[in-house]
Amino acid sequence: MSGQKKEFPITWGMVIDIDKCTGCGACMASCQTENNVEPQREASNKLRATSWMLVYELTNDKAFPNHDIAYLPRPCQQCGNPPCVSVCPVIATDKNEDGGIVSQVYPRCIGCRYCVAACPYHVRYFGWYDPIWPEGMEKTLSPMTSVRPRGVVEKCTFCHHRWTQAKDAARVAGKDPDNLDDGAYVTSCVQNCPSGALAFGDIKNPKHKVHELVKSPYAFRLLERLGTDTQVYYISRREWVRKLGDNYLKSE
Amino acid sequence: MSFIEIEKTWYPEGVERCSLGKFMKWLSVLGVVALYGFFAMIVCFAYGLGVTGLDNYFGFGLWITFDLAVIALGAGAFFTGLLRYIIRIDELKNIINLTVIKGFICYSGAMLILSLDVGQPIRSWFGYWHPNVHSMLTEVIFCITCYLMVLIIEYIPLILEQKQINKIPFLHNLAHQMHVVMPLFAGIGAFLSTFHQGSLGGMYGVMFARPYAFRDGFFIWPWTFFLFVLSAIASGPCMTVLICGFMEKITGRKLTTYRVKSLMCKIGGTMLLIYTVFKYLDTWAWINDILPRAGLTFDQMFYGMVYGKWLFFSELVLCLIVPVICLLTPLRKKPFFMYTGAILACAGVVINRYVFTVQALAQPVLPFTKWEIYTPNWAEWATSLMVIAYGFIIMSLSYRYLPIFPQEVGLNKK
Ligand code: SF4
Ligand code: SF4
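Order-wise, the sequence lines are chains R and X. In terms of UniProt numbering, the first sequence is residues 1 to 252. In terms of UniProt numbering, the second sequence is residues 1 to 414.
Where hints are given, some of them may not hold.
BS3-like, lysine-lysine: derived pairs with alpha carbons at most 27 Å apart [unchecked claim]:
(1) LYS209(R) to LYS6(R)
(2) LYS46(R) to LYS20(R)
(3) LYS167(R) to LYS6(R)
(4) LYS46(R) to LYS370(X)
(5) LYS370(X) to LYS62(R)
(6) LYS249(X) to LYS370(X)
(7) LYS250(R) to LYS370(X)
(8) LYS243(R) to LYS5(R)
(9) LYS8(X) to LYS93(X)
(10) LYS93(X) to LYS250(R)
(11) LYS215(R) to LYS243(R)
(12) LYS139(R) to LYS6(R)
(13) LYS334(X) to LYS254(X)
(14) LYS93(X) to LYS20(R)
(15) LYS175(R) to LYS139(R)
(16) LYS93(X) to LYS243(R)
(17) LYS209(R) to LYS243(R)
(18) LYS8(X) to LYS25(X)
No lab work stands behind these hints: they were computed from the structure.
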């Protein structure tokens, strides 16, 4: 495999319990508003619509009564060995010690979409048109995140700005910004998930819930064998769901 | 003297050309196509890439396929330059000018399309300013821009040799001096071009999370790096012969001897044979190692008609084995087989670039996603056709006014 896995002392990660997810889409909506994603003009075109967080419907492809479905929310997987980073010609996207979050620098991106091609999780979105907010709606813009011009690639950053805020709050309270309490920094989707399917925290910090969750025997990651080493973990007690997370050969 | 008479004095010494009226008609047809493409280009710049058929699933589409294909087919220039100036195969001097012009057209055309394809064309220079040395695309940006400059330097002395321009002593001497240093530029060109043909292949080979395209390799280079170089130098000379044959057909004049064309095809065929061996080894390793490692099977790489197995067999059998036979056996003596071989070799490289660009992205790696179909729309077709029309225009003008075929006069003596 090309590239190298990068390790950092703070490793923000998300754990998604698929068995708890009802597919309501609250995470998608909260992500869109939090991160100033333009109101979609043509959301019926799923291949063009921007949705940093996307909920997939999985099925076991069996007939009733054995039919079963599951919902799988998909943010950027923040790969430990990101296929997208090494390919970018201008270092517009990078993985650094910022909690292992894969960044995206909009003013530097030239819009070549090579990263889009390299990411197998389809988490990267290109600005096809100039973003337009219908009149009045611009009031809903969040001052915390930048608005992207057309022609650049954007993606989920684990609401990175919230980390900055949490660190500031810790400093003000006289606490260590590098050792935040569990829950001091959570992403917008995690905060707004009504069924509590999403959890967020520092995987390496034993005080954080996700530290234990990722060790669950039911935890798995998407496309593990490709060696992307993601920082998003899924949990499901259903075997078929776990198997669907990676490409299993018939012989396996 | 009327303009029609004056225009005749611009022709190379001793050749015949069609009437100016006819030539103008030909140019206007091409001009209309080019203008339509230009219009599409303006629309893309004004409204954004939303006017194309690309989407978040297919970040690369017709444009990139087209770019890769013309760049591979344009490879005749660097490879022929290498053989002519460095290895000194003297006979190639009869076709070298054509390959230089072809290379220039292919590369400048590709650059035009690339400037459309990036979402922020004004930032294209960031590749130089904030280079990521780990990215194959950085290498492509470096080499492609430098190589275009080399091609321009190679093209200029040809223009200076135009009969009227050449009468100016300074320009005459300049052209002469440039010819003297040409081996140097041929060398630089060969180096740059080899590298970026390779990095174009490398671009796909390093996408380790896309098992359709991913390849293991040698040092930092995936096998596709070498395969792209080989396929380019195999199809490049064949393309030159096809262009030459096509020009002879429409002008009704002999431009080079069959011997020269046959030699070019033999070179192309030899390279194709070497490529075939490596491509087969590579495919074998892909099927038996890379795909199982990724949990995928050979059958999962194909779907329906547009992504069907027929593409795979066309590329690997029809467009490799058949042309190798046509180009490397005595069959080459017959024009039918020689041209068929050349056409198939070029078609093979186009299929190869298509599947690496589109099929590699269409193949669902995430197990719960499905195959998606990509269809380029008018904006992509129009701009691609614009580049083809642009190429025809440059070639027509060059043929009419520049002495690019040293054998033309001799071959057409009545
Ligand atoms: S999920 Fe995609 S965009 Fe996110 S880090 Fe991995 S490869 Fe990059
Ligand atoms: S689209 Fe932007 S972020 Fe992606 S590879 Fe190109 S320059 Fe880098």
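Here is what the structure says about each hint:
1. LYS209(R) to LYS6(R): holds, 23 Å
2. LYS46(R) to LYS20(R): Answer holds: LYS46(R) to LYS20(R) is near 25 Å, not above 27 Å.
3. LYS167(R) to LYS6(R): Status holds; Cα separation ~23 Å.
4. LYS46(R) to LYS370(X): Within the cut-off at roughly 13 Å; holds.
5. LYS370(X) to LYS62(R): holds, 17 Å
6. LYS249(X) to LYS370(X): This hinted pair is violated, its Cα atoms lying about 47 Å apart.
7. LYS250(R) to LYS370(X): OK: LYS250(R) and LYS370(X) at ~18 Å, within 27 Å.
8. LYS243(R) to LYS5(R): Holds, at about 24 Å.
9. LYS8(X) to LYS93(X): With a Cα-Cα distance of about 26 Å, the restraint between LYS8(X) and LYS93(X) holds, given a limit of 27 Å.
10. LYS93(X) to LYS250(R): violated, 58 Å
11. LYS215(R) to LYS243(R): Judged against 27 Å, a Cα distance of about 17 Å means the pair holds.
12. LYS139(R) to LYS6(R): violated, 39 Å
13. LYS334(X) to LYS254(X): Holds - the C-alpha atoms of LYS254(X) and LYS334(X) are around 17 Å apart, at most 27 Å.
14. LYS93(X) to LYS20(R): Violated. LYS93(X) to LYS20(R) sits at ~73 Å, over the 27 Å cutoff.
15. LYS175(R) to LYS139(R): Violated - the C-alpha atoms of LYS139(R) and LYS175(R) are around 34 Å apart, more than 27 Å.
16. LYS93(X) to LYS243(R): With a Cα-Cα distance of about 62 Å, the restraint between LYS93(X) and LYS243(R) is violated, given a limit of 27 Å.
17. LYS209(R) to LYS243(R): Status holds; Cα separation ~25 Å.
18. LYS8(X) to LYS25(X): holds, 17 Å
Hint compliance for this structure: hints 6, 10, 12, 14, 15, 16 are broken, all remaining hints hold.
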